[in-house]
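Participant: Taking this note's numbering, the leading residue of the sequence shown gets 1, the next gets one more, and so forth.
Just so you know, these hints were derived from the structure itself, not from any lab.
Do not rely on the hints blindly, as some may be mistaken.
To be verified - Distance ranges between label pairs, derived from CB positions:
id: 1; residue 1: 449; residue 2: 329; range: 37 to 47 Å
id: 2; residue 1: 475; residue 2: 367; range: 48 to 58 Å
id: 3; residue 1: 453; residue 2: 475; range: 25 to 35 Å
id: 4; residue 1: 431; residue 2: 306; range: 25 to 35 Å
id: 5; residue 1: 143; residue 2: 26; range: 47 to 57 Å
id: 6; residue 1: 329; residue 2: 210; range: 18 to 28 Å
id: 7; residue 1: 462; residue 2: 354; range: 21 to 31 Å
id: 8; residue 1: 494; residue 2: 462; range: 17 to 27 Å
id: 9; residue 1: 259; residue 2: 123; range: 19 to 29 Å
To be verified - Calculated cross-link-like contacts (lysine-lysine; reagent style DSS-like; alpha-carbon spacing at most 25 Å):
id: 10; residue 1: 196; residue 2: 376
id: 11; residue 1: 428; residue 2: 214
id: 12; residue 1: 390; residue 2: 501
id: 13; residue 1: 487; residue 2: 196
id: 14; residue 1: 404; residue 2: 428
The beta carbon of each residue, even a glycine, is placed where N, CA and C say it ideally should be.
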Amino acid sequence: MTSADTSPLVTLAPIFNAIGDACRQFVPALAAAEFGSIRSVATGVAQVSGLPNVGFDELLRFPGDTYGIAFNVDEDEVGVVLLDDYWRLKAGDPVERTGRVMDVAVGEALLGRVIDPLGRPLDGLGPVAASVRLPIERPATPIMERAAVSVPLQTGVKAIDALIPIGRGQRELILGDRQTGKTTIAIDTILNQRGKNVLCVYCAIGQRASAVAKCVATLRAHGALEYTVVVVSEGNQPPGLAYIAPYAATSIAEHFMEAGRDVLIVYDDLTQHARAYRELSLLLRRPPGREAFPGDIFYIHSRLLERSTHLNAARGGGSLTALPVVETEAQDMSAYIPTNLISITDGQIYLSPTLFELGVLPAVDVGQSVSRVGGKAQLGAFRAVAGDLKLAYAQFEELETFSKFGARLDADSRQSITHGQRIRACLKQPASDPVSVVEQIAILKALTAGLFDTVPLSGMPQAEAAVRLAASRIPTAVAERLLQGGKLSEDDTQTIVNAAKGALSGLDKQSPAPVDTAEDAVEKTTA
1 MTSADTSPLV
11 TLAPIFNAIG
21 DACRQFVPAL
31 AAAEFGSIRS
41 VATGVAQVSG
51 LPNVGFDELL
61 RFPGDTYGIA
71 FNVDEDEVGV
81 VLLDDYWRLK
91 AGDPVERTGR
101 VMDVAVGEAL
111 LGRVIDPLGR
121 PLDGLGPVAA
131 SVRLPIERPA
141 TPIMERAAVS
151 VPLQTGVKAI
161 DALIPIGRGQ
171 RELILGDRQT
181 GKTTIAIDTI
191 LNQRGKNVLC
201 VYCAIGQRAS
211 AVAKCVATLR
221 AHGALEYTVV
231 VVSEGNQPPG
241 LAYIAPYAAT
251 SIAEHFMEAG
261 RDVLIVYDDL
271 TQHARAYREL
281 SLLLRRPPGR
291 EAFPGDIFYI
301 HSRLLERSTH
311 LNAARGGGSL
321 TALPVVETEA
331 QDMSAYIPTN
341 LISITDGQIY
351 LSPTLFELGV
361 LPAVDVGQSV
371 SRVGGKAQLG
381 AFRAVAGDLK
391 LAYAQFEELE
401 TFSKFGARLD
411 ADSRQSITHG
421 QRIRACLKQP
431 ASDPVSVVEQ
441 IAILKALTAG
451 LFDTVPLSGM
461 PQAEAAVRLA
471 ASRIPTAVAE
481 RLLQGGKLSE
491 DDTQTIVNAA
501 KGALSGLDKQ
511 SPAPVDTAED
521 AVEKTTA
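Generate the whole structure from the sequences, applying the supplied hints.
Facilitator: Printed below as a string of structure tokens:
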């Protein structure tokens, strides 16, 4: 054998020696793993035995990478909420403990993405590149680490920003019957956060896939998806996903809040969440209470909404504003779940089906809506121009009802009805068309100054559009003072009034329409 024949062996000898040394030094590590087995499988739940050390809310792994959460921890078996398709599971299949609770991916990589509560992408853009994960169930921020609500969250909806203001860190409930525009208000609020350094999380709970696709398309069309995370659990998925969806979305939002950012989260809607929890509880044989809901139904929503707050400066000063949505039946605000959420939140925006049918959109019932916190954070200019607006509108509604009986009204009452009709016309607003702060203040100032009272009702949309256009031409220094929250000076007020007068006078010259008198308004209302 020549040296040329032995050269490969010489070359590979160090490699073989290294492999041999590694094999001799290898010591197999023994790790204890706890396995159980499935006793039975039902709709979205499973009964498991053989896991004596499992903890409450612990994540369990089933065959086929199906996961579940330990929900009922009894002496001889564990009730598990399944989080994925369970048709492949059967009695006798092994179940493995993971030793951790349910968590979700968080971080900047989620912005612009549509995911499910488990963090899996639903938008076809590939996996989510997030390295940080947080448990979906986390304790709320201690009271001593919170700060007062002091900064407004502008929704872009005139009826809300003027009469039912919301502050950053507040929890404002949106409730009403089906198809009254609850989701539309929430989506419009997200659209209005563009350019305001507010991140958004939209959580769809048990919704139809077509409805979710429509919302996502609206956000994408208006450029709002780039600062929004959409968490979706569809109605045809296991109820366990609908149950964990709002908690997962809140952890995603909390990550941004703890980084010092302002975040808005929408739960659409918590009625479906309560129904999913009731379904799981009944399947796992928890004792039913009122309306067959379990006794801790209040607790699951209170521990969710309590996580929305405004952090103090030591914690970064971030905020998490919650807009939970709940559905009422036959305008019954005193039902079990709506009253629970009304008592948890800091106010409610009630949408009336009667107003919706009359074409008053958004159908906000000003009389039954309230904000218990946001008024303290409302901009000073809003308080100056809309301070008496709610009272005037309430008086108009009373007089309008009274006038329908054919009663004769005095001149002051007729003038109140004429003015109230203009208030209602000004509060109307199409969907996906948020109004800026300066434009709102100009419209409200023109309204309270009576500049719209001589405009016919049919010409109110054109008159409002003219005032909005004039507001965009207000001097920059005045606009900045309005946005900074200071009080309106006499000069600023006069500037706004003059701009509105000029816009309306120009409109009258272009389209000289007949003006409704007070008697005509009363006759139309009576008819």
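Participant: Now look at each hint and say whether the structure bears it out.
Facilitator: Against the structure, the hints come out as follows:
1. For the hinted restraint 37 to 47 Å between residue 449 and residue 329, the CB-CB distance of approximately 42 Å keeps it satisfied.
2. Separation of residue 475 from residue 367 is about 37 Å and departs from the stated range, judged on CB atoms against 48 to 58 Å.
3. A hinted range of 25 to 35 Å holds for the C-beta pair residue 453 and residue 475, which are about 27 Å apart.
4. Take residue 431 and residue 306: their Cβ atoms lie about 31 Å apart, and the range 25 to 35 Å holds.
5. Between residue 143 and residue 26, the C-beta spacing of about 54 Å keeps the proposed range 47 to 57 Å intact.
6. About 23 Å separates the C-beta atoms of residue 329 and residue 210, a value consistent with the hinted range of 18 to 28 Å.
7. With their beta carbons about 27 Å apart, residue 462 and residue 354 fall inside the hinted range of 21 to 31 Å.
8. At roughly 24 Å, the beta-carbon separation of residue 494 and residue 462 lies within the given 17 to 27 Å, and the hint holds.
9. In this structure, residue 259 and residue 123 meet the distance hint of 19 to 29 Å, their C-beta atoms being roughly 24 Å apart.
10. A threshold of 25 Å between alpha carbons decides the hint, and for residue 196 with residue 376 the separation of about 20 Å falls inside it, so the pair holds.
11. For the hint linking residue 428 to residue 214, the alpha-carbon distance of about 23 Å falls within 25 Å, and the restraint holds.
12. Between residue 390 and residue 501, the direct Cα distance comes to roughly 23 Å. Compliance with the 25 Å bound is thereby established for this hinted pair.
13. Taking the CA atoms of residue 487 and residue 196, the gap is about 21 Å. The hint holds against a cut of 25 Å.
14. For the proposed pair residue 404 and residue 428, the alpha carbon gap of about 22 Å is at most 25 Å, so the pair holds.
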